[in-house]
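J.: The residues making up each chain are set out below.
Number of protein chains: 2
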Amino acid sequence: MELSILFTGKSPKYIEIYQEVKHLILHKKLLAHEQLPSKRALAQTLTISVHTVKEAYDQLLTEGYIYSKERAGYFIAPFEIDWLQQKQQPASMPEVVTANNIQFDFNNGHVDNEAFPYTTWYKLIKKHFMKDHLTISPWQGEDTLRLEIARYVERSRGVTCEASQVFIYSGTQSQFLALCHFFGPKACVGLEEPGFKRIRAVLQQCGLSTMAIPVDHAGVTIPQKNIHLLYTTPAHQFPLGMIMTMERRAALLHWASLSQAYIIEDDYDAEFRYKGLPIPSLAKLDQLQHVIYFGTFSKTLLPSLRISYMVLPTSLVASFTAFYLEQKSVVSKVDQLVLADFMAQGLFDKHLAKMRTIYRKKQQALLTAISVHFSAEFQVIGEKSGLHIVIKLPNRLSEARAIQLAEEVGIHVYPCATSYQHKTSEAMVIIGYGGLTLQQINDGIARLASVWQ
Amino acid sequence: MELSILFTGKSPKYIEIYQEVKHLILHKKLLAHEQLPSKRALAQTLTISVHTVKEAYDQLLTEGYIYSKERAGYFIAPFEIDWLQQKQQPASMPEVVTANNIQFDFNNGHVDNEAFPYTTWYKLIKKHFMKDHLTISPWQGEDTLRLEIARYVERSRGVTCEASQVFIYSGTQSQFLALCHFFGPKACVGLEEPGFKRIRAVLQQCGLSTMAIPVDHAGVTIPQKNIHLLYTTPAHQFPLGMIMTMERRAALLHWASLSQAYIIEDDYDAEFRYKGLPIPSLAKLDQLQHVIYFGTFSKTLLPSLRISYMVLPTSLVASFTAFYLEQKSVVSKVDQLVLADFMAQGLFDKHLAKMRTIYRKKQQALLTAISVHFSAEFQVIGEKSGLHIVIKLPNRLSEARAIQLAEEVGIHVYPCATSYQHKTSEAMVIIGYGGLTLQQINDGIARLASVWQ
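Keeping their order, the protein sequence lines are chains A and B.
In terms of the numbering used here, the first sequence has 456 at position 316, counting the first letter as 1, and numbering is strictly consecutive.
In terms of the numbering used here, the second sequence has 478 at position 338, counting the first letter as 1, and numbering is strictly consecutive.
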């Protein structure tokens, strides 16, 4: 066989040979087991060096387009290619999100973005982003950060623990998922009804059986059936905002003890409490025996950081660690070191104190605006702590209609119905205020009233 | 009942009252339904203002220690507390990792940490760490980063795709887990044997059934049984390092097409190829019909960043997106924006070119050192690309013994046996060289030879 190759000069010669032979194979001009010219012969034909031909043939060999037989030469490899030629459907274009005109977003996941200590943070990044810190963190998280978190949950929430009980994740969902897998595919998980829909979604994703446990005025009620894990938000129930009473806390811990179940206490915004002292955590009462404690920096620092943590009872640490032996860290090492340093220097506590004042003012502005612009048929609930409240709507106004009316005047408020696993007759909306200024809060509420009243 | 409270002056008076009453309740000095003094009466007894007493009682009410009856007064709430008093076992101390004397760590997860463009990266962080960028990213990742990755995989690996097909995760394990859940609890997943143990660990964690698919000289073999998803590393098999032949690629794609299965192509270190042209990706041949493409920045930039991505066939995008509707992002927004900008400015390609030269030199140094210090009974395999090679040990030296001997002289090398799901008689060690200098590579290999030969 002769190969005639017209060099274009656009690539090195060996690449042009390689590409041409490949082209001929893929277009069935060269067939399986056909012999190629020897290196020497092709070099003479093309008046190039044998070395150049060798480079081209080596590449074809490596990719398996050709094979060689000792003392015989080079041959085209056999493989089916017909079906490779099928053309793919043109990819559908991504949906274009129509630019909307939202001016006031009462999103409960937003935080105040003026107050963040940018300069300090940036300096800490510069300090820690250096060559000794480029290997991956241990999967449980950086030791320094785990220690600072252990100290923090003790002083702020009375949860006495050691660094070895603290595990760092990239969000509440990912630590919840890790825990579910640890409890195994047969675990039954209880969720508050209504509750945090993103936690419910994780359970649906991993196919675990779940049970909706109703919430009453005192918090989540005592599960009547056999569940292994109960997810609850005692300090500020999501979304309704009530604080679990002491009586209920005691009863719940008693239930966990009797039924050998574990309670996940998600303390997602317990740092922000505006009336009275902080509510003691369930984990403190229980001394971390049946309670797994969840915390996050999404409310206290930045949601965009994606850093959360859980504190396990000591009885679970060894088996959890063994279960995740081959796990890799899911959080940037530099971010972990920066955060640990920020906490160790006392800057986190200082930031929290500052934010508490800011959010207290914002919440006051929100409640004042609501009392000024709305009649008593709109009832505010869940206002004792956290970064959102709930408004109960009067009978004449459905949840969907209220949200739609708000959108029409450039305001995002959020549904409660999606927090329910089952249907609900209650019409309520969630109003977050962390990301808006005092002025925006007042103007937004006034505008809401103009369409809802 | 009379309450006598001795103020210590260490806290505000209302807190001292609150604490004392709580203490009395928890120690059963005050019993369920017992009536507390009226606010007025207690104020008179203690000669303090009624307002102070009210603050204390309000806190006790909020926490549920007491309840109030209209026109009757305040009463101790009923709850069981006996079992709350149980003392927790003292937490076991975390295991102290004994300081070892490792001087040369041939870890295949390490990268060169001198060459990273620190200054450029800081500047980009400073540019993007600002108040407009503090909300959470879309769960799929930042649009700008998805677009840059789509462009990159097209120009570097021939994978034609749109930004909407790209999904950002915090590591290969997390994206693999997300995919497994998407395929459902009944999916059967094929893994290379030997293969990446951390992927096998994910399957064990989520309880999916797996099948070990043997690897031969041409890459992973064609699965004989019904599996839904096959995880493979065609460009540089992990750990053995062979490149999948064109014939096998075609056969594998044919199999996927016939059996309606999907292939996960993990291109974890395909960027680093030292001989010949880059090997075309399976995703390119397939035009992303049955192939799900995995990439990572752990080798090309930094393992500590925790940023990886997957590219889905267009046919899966809508259902995958619907499945993860309630998912939140798991990667820092600022890191995503910085990386996108780094790529858009052409700095990533520049960095890759630089790293290719550095790693080529390191690999050359490694191979030279091995050929100088070791006899032919030690065989090197998998050296055509990537950041690690494998050494086949002679019969007289077991894998465990080789690793132990190395440790004794301050060298970490890594086992191959753990990459096998079933037992193997092969004795091999994995030698990574990305994180060591040329000098360290040479000295480390010389020292290894001194104990292995």
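These are calculated hints, taken from the structure and not from any lab test.
Keep in mind the model is a prediction, meaning the values are calculated, not measured.
A portion of the hints provided could be inaccurate.
You can't tell identical chains apart in this list, so a pair holds if it fits in one copy or across any two.
[Stated by the list, open to error] Straight-line alpha carbon distances no greater than 27 Å define the calculated DSSO-like cross-link-like pairs of lysine-lysine that follow:
(1) Lys150 - Lys424
(2) Lys194 - Lys415
(3) Lys267 - Lys424
(4) Lys365 - Lys494
(5) Lys524 - Lys179
(6) Lys326 - Lys532
(7) Lys263 - Lys194
(8) Lys337 - Lys326
(9) Lys524 - Lys502
(10) Lys502 - Lys179
(11) Lys415 - Lys501
(12) Lys424 - Lys169
(13) Lys263 - Lys502
(14) Lys194 - Lys150
(15) Lys271 - Lys490
(16) Lys494 - Lys267
(17) Lys169 - Lys468
(18) Lys532 - Lys162
(19) Lys468 - Lys162
(20) Lys162 - Lys424
(21) Lys415 - Lys563
(22) Lys490 - Lys150
(23) Lys365 - Lys266
(24) Lys209 - Lys532
(25) Lys162 - Lys415
J.: Now, for every hint given, state plainly whether the structure supports it.
T.: Hint by hint, here is what the structure shows:
{"no.": "1", "hint": "Lys150 - Lys424", "result": "between (72 Å within a copy, 23 Å between copies)"}
{"no.": "2", "hint": "Lys194 - Lys415", "result": "between (81 Å within a copy, 13 Å between copies)"}
{"no.": "3", "hint": "Lys267 - Lys424", "result": "neither (35 Å within a copy, 42 Å between copies)"}
{"no.": "4", "hint": "Lys365 - Lys494", "result": "neither (44 Å within a copy, 61 Å between copies)"}
{"no.": "5", "hint": "Lys524 - Lys179", "result": "between (83 Å within a copy, 22 Å between copies)"}
{"no.": "6", "hint": "Lys326 - Lys532", "result": "neither (38 Å within a copy, 42 Å between copies)"}
{"no.": "7", "hint": "Lys263 - Lys194", "result": "neither (54 Å within a copy, 46 Å between copies)"}
{"no.": "8", "hint": "Lys337 - Lys326", "result": "both (21 Å within a copy, 25 Å between copies)"}
{"no.": "9", "hint": "Lys524 - Lys502", "result": "within (13 Å within a copy, 61 Å between copies)"}
{"no.": "10", "hint": "Lys502 - Lys179", "result": "neither (79 Å within a copy, 31 Å between copies)"}
{"no.": "11", "hint": "Lys415 - Lys501", "result": "within (12 Å within a copy, 65 Å between copies)"}
{"no.": "12", "hint": "Lys424 - Lys169", "result": "between (76 Å within a copy, 21 Å between copies)"}
{"no.": "13", "hint": "Lys263 - Lys502", "result": "neither (29 Å within a copy, 34 Å between copies)"}
{"no.": "14", "hint": "Lys194 - Lys150", "result": "within (19 Å within a copy, 87 Å between copies)"}
{"no.": "15", "hint": "Lys271 - Lys490", "result": "between (30 Å within a copy, 20 Å between copies)"}
{"no.": "16", "hint": "Lys494 - Lys267", "result": "both (24 Å within a copy, 25 Å between copies)"}
{"no.": "17", "hint": "Lys169 - Lys468", "result": "neither (48 Å within a copy, 51 Å between copies)"}
{"no.": "18", "hint": "Lys532 - Lys162", "result": "neither (69 Å within a copy, 33 Å between copies)"}
{"no.": "19", "hint": "Lys468 - Lys162", "result": "neither (40 Å within a copy, 44 Å between copies)"}
{"no.": "20", "hint": "Lys162 - Lys424", "result": "between (69 Å within a copy, 15 Å between copies)"}
{"no.": "21", "hint": "Lys415 - Lys563", "result": "neither (33 Å within a copy, 63 Å between copies)"}
{"no.": "22", "hint": "Lys490 - Lys150", "result": "between (63 Å within a copy, 22 Å between copies)"}
{"no.": "23", "hint": "Lys365 - Lys266", "result": "neither (53 Å within a copy, 53 Å between copies)"}
{"no.": "24", "hint": "Lys209 - Lys532", "result": "between (81 Å within a copy, 26 Å between copies)"}
{"no.": "25", "hint": "Lys162 - Lys415", "result": "between (75 Å within a copy, 18 Å between copies)"}
The earlier numbered hints that this structure contradicts are 3, 4, 6, 7, 10, 13, 17, 18, 19, 21, 23.
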